[in-house]
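Please construct the entire structure, taking both the sequences and the accompanying hints into account.
For the record, the sequence lines run as chains A and B. Quick note: the first sequence, position 303, residue 303 per our numbering, numbers continuous. Quick note: the second sequence, position 87, residue 87 per our numbering, numbers continuous.
Each statement offered as a hint is correct.
Partial selection, computed: residues in chain A whose CB lies under 7 Å from chain B:
| id | residue |
| --- | --- |
| 1 | N74 |
| 2 | I79 |
| 3 | N101 |
| 4 | Q103 |
| 5 | V105 |
| 6 | V106 |
| 7 | T155 |
| 8 | A215 |
| 9 | L371 |
| 10 | V372 |
| 11 | L375 |
To be clear, the hints were calculated from the coordinates, so they are not data collected in a lab. Fair warning: this is a prediction, and the values are worked out from it, not measured in the lab. We treat Cβ as the ideally placed atom computed from N, Cα and C, and that holds for glycine.
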Amino acid sequence: MNQSNESNFEGASDDADSDGSANVNFDMENESVSPSPIAGRTPATSVATRCELGRGLDVGTANLVSALQDAEGNVHIKIQRNAFIDIDCDDYTRNMLTRLNVQYVVLSNRMIVVGDPAFELANIFNRETRRPMRDGMISSDEADALPIEKMLLQTLLGNPSHEGEVCYYSVPAEPIDADLNVIYHQGVFGGLLKSLGFTGKPLVEGHAVVFSELAEDDFTGIGISGGGGMFNICVSYKSIPALSFSTTRGGDWIDRNVANVLGISASRATSMKEKGVDITRPKSREEEAIEIYYRNLISYTLKNIKSRFESSSSMPNFPDPITIVCAGGTSLIGGFIETFQDEFNKINFPIPVKEIRLAEDPLYSVSKGCLVAALSEA
Amino acid sequence: MSQPISVQDALRQSATDVDIDELTRRGLRKVKVLDKATVFRLIDEAVNRVVEERLQAATAQERQQIQQQARQEFQHLVKSHQEQMQEQVDHQVEEYQLRIRQLEKQVLDGAVPGAAAMDKEMLAAMIREAVAEATPRGGTTSGDLSALQQSIESLAKKVGSASGRNVIEAPTEEALTALFARKTDGVETNISNVEVKNAKANGVNKNLAKLRSLKKGSE
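Right, here's the structure in full:
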């Protein structure tokens, strides 16, 4: 199954192996607890690991997630918050960031903090993070988006095991509620991966969820990826996508609206949302605002799915009731599935559904699905 | 004494506004166009011609005859003018339609030079320019032709909007590679020295085996 190759992933050794795996160094440790709210990730001891060829990459508006499987069958995930923030560039700041292991880049005489620390800094100073992507696509508003994105991907993927190693990356399906250009976005990330030495292959996000979560159902059912910028939906029959589309409301839409009604920054609203809220039991005015917009988002998504199903001529006739599986960072909030089920019960869904469930690893589901696609080519 | 006739009012009352799209929907491809100034000119010409000939010895019977002849002459001139105008308008409409069909085809085929780098605004502007180029030249202007042009402009906008998604393509690999190389070369950063958040997840071998068996089954 494996191919023999050298790898330089994360400073890999040059040892060649004869069993077909690629030799890579991969950080096997979990991140250490940071003493400072903006502290970065302490480099952990790298352990030489044999990994199978092929990578999965979730290109999300909120997070970038990479997946790689080692020869023992463990999947290694790396995550970067897809955000950055610029601060004044001086020696003191540079030294401080270096000491705290915070990732930074100097562009146009501005110091740009990238990833999770950018998000944490934004919360501290009640500022907004800058985002390389918006509504699921590469942002046209951010002049620094491309170089930042390339660096973020470099930290996640490292170097390929061999020139042209396949990396499946997620792309949104055509949005049904906005005239956004998926082709350009797809081309940019394909080119970006190529510049890093990979052969990038796009996979529709909802289809990736099907690959990672619906194996037990013969890859038949509905995969939904609730991301920061979009909800991506894929109806699949025996692994073949029958219908894929997206809507341009996601976690960011909730954050923006919660921020508006509460008079806070969207970054702070994101932070509140990610601190263990259960939308079936809101305990404060802030949580109530989150619950209201979550419910509205779920209802909006379900109505769109229903309407799209009813108007599509390519819908398969499923012989048995199907499973709906929800993934993505936006589905991580407490009570998501209960609220989803609640809203689902309010509409007359056109397909018999036996189960609505959360993905095994909601945040990693898309990258794992991309990994399945990549490994299936090896 | 009868009330003086207002030709302008009479024309306005007799005329019906029909949108060019509506005509197209009815399957009509040709329109007859006659502008107000021409109508007045034709009437003047007919009346003057007849009146000059018969003015001096006009009995009641002759006046009636004059009116009759004037009417016939007017109808003849109108008919002649209509035919002349119709030819010009038909030709103009065909020119517009051909130009639009060519543009639409070029846009959809991606054969418009530089289309890969165009956005829908640029495409719409390009088509508007083409429509302006095809505007009637010489003395054939009329309100109806303006309406036709507006309709075509509207179509140009629709083409621009609809083609936005189809036409904008990914930049070339060479261009992207050059772009990414240029943007990050020599940038000061510690990004590769800091480990990012990582985690372990369950393997995907089961999924992989299932997918492969499905693929085999379908072969």
